[in-house]
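Use these hints to put chains B, C and D onto chain A, whose structure you have.
Protein chains: 4
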Amino acid sequence: MHCPDQPGIIAVITEFINTNGGNILYLDQYVDRENGVFYMRVEWDLENFVIPADKIEEYFNTLYASRYNVTYRLSFTDRPRRMALFVSKMSHCLYDILARYVAGEWDVEIPVIISNHPDLKSVADQFNIPYEVIPVTRQNKEEMEALEFEILDRYQIDFIVLARYMQVLSENFINRYPNRIINIHHSFLPAFVGAKPYHAAHDRGVKLIGATSHYVTTELDAGPIIEQDIVRITHKDTINDLVKKGRDLEKIVLSRAVEKHIQRKILTYNNKTVVFS
Amino acid sequence: MHCPDQPGIIAVITEFINTNGGNILYLDQYVDRENGVFYMRVEWDLENFVIPADKIEEYFNTLYASRYNVTYRLSFTDRPRRMALFVSKMSHCLYDILARYVAGEWDVEIPVIISNHPDLKSVADQFNIPYEVIPVTRQNKEEMEALEFEILDRYQIDFIVLARYMQVLSENFINRYPNRIINIHHSFLPAFVGAKPYHAAHDRGVKLIGATSHYVTTELDAGPIIEQDIVRITHKDTINDLVKKGRDLEKIVLSRAVEKHIQRKILTYNNKTVVFS
Amino acid sequence: MHCPDQPGIIAVITEFINTNGGNILYLDQYVDRENGVFYMRVEWDLENFVIPADKIEEYFNTLYASRYNVTYRLSFTDRPRRMALFVSKMSHCLYDILARYVAGEWDVEIPVIISNHPDLKSVADQFNIPYEVIPVTRQNKEEMEALEFEILDRYQIDFIVLARYMQVLSENFINRYPNRIINIHHSFLPAFVGAKPYHAAHDRGVKLIGATSHYVTTELDAGPIIEQDIVRITHKDTINDLVKKGRDLEKIVLSRAVEKHIQRKILTYNNKTVVFS
Amino acid sequence: MHCPDQPGIIAVITEFINTNGGNILYLDQYVDRENGVFYMRVEWDLENFVIPADKIEEYFNTLYASRYNVTYRLSFTDRPRRMALFVSKMSHCLYDILARYVAGEWDVEIPVIISNHPDLKSVADQFNIPYEVIPVTRQNKEEMEALEFEILDRYQIDFIVLARYMQVLSENFINRYPNRIINIHHSFLPAFVGAKPYHAAHDRGVKLIGATSHYVTTELDAGPIIEQDIVRITHKDTINDLVKKGRDLEKIVLSRAVEKHIQRKILTYNNKTVVFS
Chain A
492 MHCPDQPGII
502 AVITEFINTN
512 GGNILYLDQY
522 VDRENGVFYM
532 RVEWDLENFV
542 IPADKIEEYF
552 NTLYASRYNV
562 TYRLSFTDRP
572 RRMALFVSKM
582 SHCLYDILAR
592 YVAGEWDVEI
602 PVIISNHPDL
612 KSVADQFNIP
622 YEVIPVTRQN
632 KEEMEALEFE
642 ILDRYQIDFI
652 VLARYMQVLS
662 ENFINRYPNR
672 IINIHHSFLP
682 AFVGAKPYHA
692 AHDRGVKLIG
702 ATSHYVTTEL
712 DAGPIIEQDI
722 VRITHKDTIN
732 DLVKKGRDLE
742 KIVLSRAVEK
752 HIQRKILTYN
762 NKTVVFS
Chain B
492 MHCPDQPGII
502 AVITEFINTN
512 GGNILYLDQY
522 VDRENGVFYM
532 RVEWDLENFV
542 IPADKIEEYF
552 NTLYASRYNV
562 TYRLSFTDRP
572 RRMALFVSKM
582 SHCLYDILAR
592 YVAGEWDVEI
602 PVIISNHPDL
612 KSVADQFNIP
622 YEVIPVTRQN
632 KEEMEALEFE
642 ILDRYQIDFI
652 VLARYMQVLS
662 ENFINRYPNR
672 IINIHHSFLP
682 AFVGAKPYHA
692 AHDRGVKLIG
702 ATSHYVTTEL
712 DAGPIIEQDI
722 VRITHKDTIN
732 DLVKKGRDLE
742 KIVLSRAVEK
752 HIQRKILTYN
762 NKTVVFS
Chain C
492 MHCPDQPGII
502 AVITEFINTN
512 GGNILYLDQY
522 VDRENGVFYM
532 RVEWDLENFV
542 IPADKIEEYF
552 NTLYASRYNV
562 TYRLSFTDRP
572 RRMALFVSKM
582 SHCLYDILAR
592 YVAGEWDVEI
602 PVIISNHPDL
612 KSVADQFNIP
622 YEVIPVTRQN
632 KEEMEALEFE
642 ILDRYQIDFI
652 VLARYMQVLS
662 ENFINRYPNR
672 IINIHHSFLP
682 AFVGAKPYHA
692 AHDRGVKLIG
702 ATSHYVTTEL
712 DAGPIIEQDI
722 VRITHKDTIN
732 DLVKKGRDLE
742 KIVLSRAVEK
752 HIQRKILTYN
762 NKTVVFS
Chain D
492 MHCPDQPGII
502 AVITEFINTN
512 GGNILYLDQY
522 VDRENGVFYM
532 RVEWDLENFV
542 IPADKIEEYF
552 NTLYASRYNV
562 TYRLSFTDRP
572 RRMALFVSKM
582 SHCLYDILAR
592 YVAGEWDVEI
602 PVIISNHPDL
612 KSVADQFNIP
622 YEVIPVTRQN
632 KEEMEALEFE
642 ILDRYQIDFI
652 VLARYMQVLS
662 ENFINRYPNR
672 IINIHHSFLP
682 AFVGAKPYHA
692 AHDRGVKLIG
702 ATSHYVTTEL
712 DAGPIIEQDI
722 VRITHKDTIN
732 DLVKKGRDLE
742 KIVLSRAVEK
752 HIQRKILTYN
762 NKTVVFS
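Protein chains in written order, with the working numbering: chain A, 492 to 768; chain B, 492 to 768; chain C, 492 to 768; chain D, 492 to 768.
Looking at chain A on its own, in the form it has when it is part of the complex (with noise of 0.2 Å):
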């Protein structure tokens, strides 16, 4: 939740789940004084609470949220989300995710890879699970995109990763599904925007290379960022050198990035993220 910061909301709040029989486990809160905004993400046991799961959002909208101007997202952690792969030609984001995902690692559902090439079919054979090729183009987006839909519609999908998807997605696309849609970009943005960063990152001569996981925006490589990293690099190290050390940084700051997601652990505000530790 957030809402402009005023005396007491913290205990108004906190209040409101005790008295009604609702044991937190998990409590973190954070003023901006810059712009008075008040942050807050709570999570409590709904074993002995009063309210049914089903009137929460009624009864907090009537005694709350509108006097207190909260702005909140309700959800429950017994359904698992639903997460969608998109991937290209690249392998090392993918198997990076679906090795934390049968191990047990993350309480998610991945039903279904989509890519717009068949090369990592194998892939998703390994692990059973559903691979869609749909060769979208250019030339052929709008009509795609719909086969897309079709797909993330009949699997049910909450949000979608894209795991080095070489692909710019439509706005139509990117607004059906504002702040779930998790790109990772091989570049401490914002350097290094668009195609091609480490060929941009070597004839710059940095002497760091990165990578920034951010929810996709229409607008290219702009959107709140949630996690970004680094790695050292030296001249001696060649084009293809960055692309290797890329991808071990590539794969785990999408993988922090999305674990962030799935536990509801993201709260986005002005094109910014506030990530909850």
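Each hint should be verified, as a subset may be incorrect.
Copies of the same chain look alike in the list, so a pair counts if it fits in one copy or across any two.
[To be verified] Derived pair list, reagent style DSSO-like, types lysine-lysine, alpha-carbon separation capped at 27 Å:
hint	residue 1	residue 2
1	Lys751	Lys580
2	Lys727	Lys751
3	Lys756	Lys735
4	Lys763	Lys687
5	Lys727	Lys756
6	Lys735	Lys763
7	Lys727	Lys763
8	Lys735	Lys751
9	Lys736	Lys751
10	Lys632	Lys546
Think of the hints as simulated: they come from the structure by calculation, not from any bench.
Relative to chain A, chains B, C and D alone:
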């Protein structure tokens, strides 16, 4: 403050402040669910607070502390704390701290520098800070520390920073300043406890060297860790290179720890620290 | 190669290659001036080299090795080395290695996976690699290791990677593969040697956790360190959080070490490694 | 030195030194195979070298430089280089450099500090270094830079360090000191070129901030990068926090770059640097 975790504790404390006219400027809390301990740091403006500053402890004790079994420390930011620096012969940490001090980075007073050697008097002179040489050795420690206590009392010192001070303090000394003596050890503790950690690191062939800032307790290099960091080394680095790379690490790690202490953002519990952001 | 440092040694070796028609593709050298040792790794193209591949050792020995007291290892990149993986129950390092393997990142063969538990057979099956269960215990170690030797010989294994293998190898086993068994230990060695390092790290209240990849020697966790890295933690992290953060560290650190080994870029001397870039 | 890569070049150069009685103290080389360029830095003892110091250039030119098309720079370590510091109002980089200077960490002379503001005269006084105030503005730049040239010549300055100097130098100034003006920019270039990078970083919501030290060229913030580093930030950090965290980064990154320059370990080529270890 810390206390046994209990439903509503955060509401109780924030209500106490809000109801009595306090404007909360900072709040950070954390629950150690494993041990059932609630930790919180809260800072508020006294301007319209109805309880007089010198009565806050009394009121808080009566109304809350014993009832909720709260251990707390109350401090007022209008009186800067007074810090003594202990040094030997190396100047890098000393300069780093004094440069921040004269630039006004920290809300602290440094009325005196104490050393077992005369070498760094010129640095103290540059900054017009009294420099007391107390040539302590293993043999004369009790007597020399008595002199130090006299100096520390005369200057009304609140806490002590050992800025690469190469003498072990007595138990008596340490017990006089519990959680108020900050040391920098030039290894990533608990590796390489004791003397000559860079030599030991070189012998072992590690690929990282570290520095650790901690509160001093009576067990050598075993007090609560406040901050640590590392720097990468290679087989090419000689012991001298480690010493050189280590200097930058030591001064930054020590200064980060000192800053957190000055900001009263460190809470010590079970020989560990909670460091608020 | 390494040898006592002596004037002109670099010229001697490079002349040997150039004069005989070899085209140098890679050269890195380093002089340990403290101990007077010269280390070099040089790679050249055999296409126009006048000495036949199977005679290079003989010629080099006769002409240079004894004269300059050179210890060296000659290897040919046209035969990929053969690596056996030893695992127990955790899959993160295994997946990370196999994902690189099938993506063709490494010039290596992985003909067999050996485990003391059946748990990860499904992973081996995904990648169509034979999985041998050898239920070794303290009691039956000699007998079980004999079975392992038979398997390792049958598959002509050159080196072994312990990818979170939770059994201590016997001296006999270790001596059979000097500098050819790579382990990952989940701490920044020499801190937290032995079992349960994350528990020990949590107890000590460190602010960083680490992982160390090293060659296995007969002294536990004391072999030559190949690669280390760390990740920052806070007081908020439970032991489970450390385990989770550690997994990403372990797999990356282990894979970096394995890659250097595959590339024949590690030279071991005095229980330390020289790792060429 | 750098030259087109060619078989035997390393043997040729090392033979030249060895044959003539030079004892090599340091050698590092690197081949850019993409562009076919050989880079080397070699340092030797002149004690028994048969060619007189003032004839080395002549002999090397005649015998090797034109034949192998070598571009090189010869320097003698017995004459420390002379560095001028340019500062404005912030003291952190200045103190960091001067603390190293008086501790004898660097083989350099700092005969003068130049500023466009009087603010830091007290720091210069602490270290007994002349402090010249040249109140340069956009309008009077030509005239004021003429004064600066006079000072720089008078003090026989070899290179210039802009230690958070907040004025853009003219083309004329820059061309007078090619690859001899070192700047620190408070972002990970090429992100956030120009003024107020911390504000821009805060607006963009990045999760890392950086600092970059580079040689100044006539294109703003686009010169060869010598060193970069980053520090992690979170949504909790205000612009002031970024400024504060950035200070530690800036001073360390600048000092690392200055040290490499003093050690003559930086070679510039194609607007990039080769930084020898």
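Now the hints, each set against the structure:
Both within a single protomer and between protomers do Lys751 and Lys580 lie at most 27 Å apart by alpha-carbon distance, with minima of 25 Å and 26 Å respectively. Taking the shortest alpha-carbon separations for Lys727 and Lys751, only the inter-copy value of 16 Å comes in at or below 27 Å, while the best intra-copy value is 35 Å. In this assembly of identical chains, Lys756 and Lys735 lie within 27 Å of each other by CA distance solely across copies; the values are 17 Å between and 30 Å within a copy. Taking the shortest alpha-carbon separations for Lys763 and Lys687, both the intra-copy value of 25 Å and the inter-copy value of 19 Å come in at or below 27 Å.
Taking the shortest alpha-carbon separations for Lys727 and Lys756, only the inter-copy value of 15 Å comes in at or below 27 Å, while the best intra-copy value is 39 Å. With identical chains, the CA atoms of Lys735 and Lys763 are at most 27 Å apart between copies only, with a shortest distance of 21 Å across copies and 29 Å within one. For the homomeric pair Lys727 and Lys763, the shortest alpha-carbon distance between copies (12 Å) is at most 27 Å, but the shortest distance inside one copy (36 Å) is not. In the homo-oligomer, the alpha carbons of Lys735 and Lys751 lie at most 27 Å apart both inside one protomer (25 Å) and across protomers (13 Å), since each shortest distance falls under that limit.
Taking the closest pair of Cα atoms, Lys736 and Lys751 come within 27 Å of each other both inside a single copy (24 Å) and across two copies (13 Å). When the C-alpha separation of Lys632 and Lys546 is checked against a cutoff of 27 Å, the pair qualifies neither within a copy, at 41 Å, nor between copies, at 61 Å.
In summary, the structure is inconsistent with hint 10 from the numbered list given earlier, while agreeing with all the others.
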